[in-house]
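S.K.: Chain by chain, the residues run as shown.
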Amino acid sequence: MEKKAKKPAFEEALEELETIAQKLESGELTLDESIQYYEKGVALAKFCRQKLEEAERTIEILQKQPDGNIQKKPVKVKEDTGEIEDDEDVQGSLL
Amino acid sequence: MEDIEKHETVYSVSDITGIIKQLVASAPELNGVWIKGEISNLTYHSSGHIYFSLKDEGAVIQAAFFKYSNKNLDFKLEEGMSVVVFGGVTVFEKRGQYQFIVYKMRKEGLGELLQRIEKLKEKLYKEGLFDPRRKKPLPKLPRRIGVVTSPTGAAIRDIIKVAMRRYPNLEIIIAPAKVQGEGAAESIIAGIQELNKPAWGVDVIIAGRGGGSFEDLMAFNEEKVVRAFAASKLPIISAVGHQIDSPLSDLAADVAATTPSAAAELAVPVKEDIQDTIEQIMEKMTKRMVMLLQSFHNRIALVLQYRAFQNPVSMLEQHELTLSDVENRISLSIHKRLYEVKESLNRIKDLHLLVKNRLQNYKHVFMMNASKVEHLSPVAVLKRGYSITLKGNTSIASVQGIRQGDDVKVIVYDGSMNCEVQSTSNEVSFGKKS
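Protein chains in written order, with the numbering used here: chain A, 1 to 95; chain B, 1 to 434.
Hints listed in this document are in silico derivations from the structure and should not be mistaken for laboratory results. In this text, a Cβ means the ideal position worked out from N, Cα and C, and glycines have one as well.
DSSO-like, lysine-lysine: derived pairs with alpha carbons at most 27 Å apart:
hint, chain 1, residue 1, chain 2, residue 2
1, B, Lys-271, A, Lys-73
2, B, Lys-233, A, Lys-51
3, A, Lys-72, B, Lys-233
4, B, Lys-140, A, Lys-40
5, A, Lys-46, B, Lys-140
6, A, Lys-72, B, Lys-161
7, B, Lys-271, A, Lys-76
8, B, Lys-287, A, Lys-46
9, B, Lys-287, A, Lys-51
10, A, Lys-72, B, Lys-271
11, B, Lys-224, A, Lys-64
12, B, Lys-107, B, Lys-71
13, B, Lys-233, A, Lys-64
Part of the chain A face toward chain B, derived, beta carbon under 10 Å:
hint, residue
14, Phe-10
15, Ser-34
16, Gly-41
17, Leu-44
18, Gln-63
19, Val-77
20, Leu-95
Work out the full structure, taking the sequences as your base and the hints as a guide.
M.R.: Encoded structure:
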């Protein structure tokens with residue numbers, strides 16, 4: 001609970017990108033360093049963009065199987081209301 | 001019977017009823033008191049008054065809740081509902097009945113419930129369960145959010161709607177739970193614990209329900225539920241719809257939201273905002289790089305404008321010119337140097353002559369002065385026939401203190417004589433005179 005979770009890669013990448021941008025902005029770097037940092041920044045931005053697209057829209061609900069195992073089951077939702085379709089078929093509790 | 005009529009006072013029904021009414025009205029035990037009971041024979045009258053019976057296992061009392069008193073009531077009365085009412089007993093003469101006039105009413109147990117929650121809150125607070133240092137930050141980019149709530153409630157609809165709008169390609173995984181009534185607490189706890197399992201790959205949990213009455217939200221005030229919120233390893237948002245009283249789950253969760261929609265907004269970033277942030281940073285960086293490269297380009301261009309880069313042959317010529325110029329300057333300087341050395345040699349010769357002349361001059365002057373010095377010397381005087389007379393080691397210039405028989409020494413040019421004074425005289429005369 002109190003131990004700090006390791007920062008996810010995306011957040012680290014975004015933070016590093018911000019740091020790099022600031023360093024470039026500072027004007028303290030040599031041309032070589034600037035180019036290196038810029039290339040790093042381009043790579044980080046690419047990584048972040050990829051991460052943003054990585055997940056696929058899915059909505060699933062956990063259901064208890066007859067053998068007691070819990071499995072996830074995809075459900076459809078109504079686009080406008082967010083309502084789960086055919087919700088009579090899903091269990092209302094894991095217990 | 002006749003005796004009684006003669007000697008005793010006879011009261012009318014009204015008199016007696018009047019006395020009863022007065023007794024009842026003046027009894028402190030019957031006025032301004034709280035009583036507890038169950039509602040039955042409930043009638044909402046068109047006039048706005050509410051009539052009902054209040055009963056428990058052993059008795060029943062008629063009650064009237066008049067319009068001017070019940071207008072602030074925030075719940076609807078139902079048959080069988082347990083309530084606590086405040087008011088007083090009054091007698092209705094015409095019917096020979098007494099009834100309880102209600103001024104205030106609240107649901108039975110609510111006060112105790114609030115007190116119990118307050119006590120629990122204090123206990124958990126002392127345990128450190130609500131310590132801000134325990135709070136985990138929410139992930140900036142959750143890929144999969146877990147939701148513990150009823151799959152048919154308003155909460156899940158709101159969360160899905162808001163989350164999908166903000167981040168279209170988000171994964172939502174629902175742990176269905178009973179959120180009120182019996183078994184709700186266990187169901188919510190099971191959901192939170194299940195979603196905490198790494199297998200589901202959840203980044204953040206939203207647990208809650210839509211708004212409801214105070215009792216409807218009670219599951220989120222139960223100690224074991226509150227503890228389950230606090231024990232969640234994953235960041236958890238308490239999302240219980242409420243306006244005034246926050247459920248204790250709000251205090252134990254990492255973040256509290258007043259509605260499920262608000263919880264979804266806290267948990268799910270707006271994808272476009274993140275994209276904008278990245279593109280803005282990249283634009284800034286690119287601009288900066290272009291500027292930097294431009295400035296270097298300009299410097300290179302400036303350097304290339306030097307003649308050497310435009311026409312190398314001319315540069316060579318230039319070097320040749322420089323070289324011969326240097327040669328000229330070197331030979332010139334050598335000649336100049338030689339001349340200077342000759343000059344100074346000549347000057348030294350002159351100087352030598354000058355010194356020589358001066359020296360001869362000095363010699364001459366010295367010789368002249370030397371002969372003068374010779375004349376002053378006592379030796380020269382002695383040569384001319386003078387002598388020096390000593391008595392002991394003292395030279396004698398006067399006869400005073402010299403007596404006959406004194407031994408003196410007379411020094412002449414080439415020797416000395418030891419003499420004995422025969423006589424002394426004050427007269428100074430040389431031999432020629434005597």
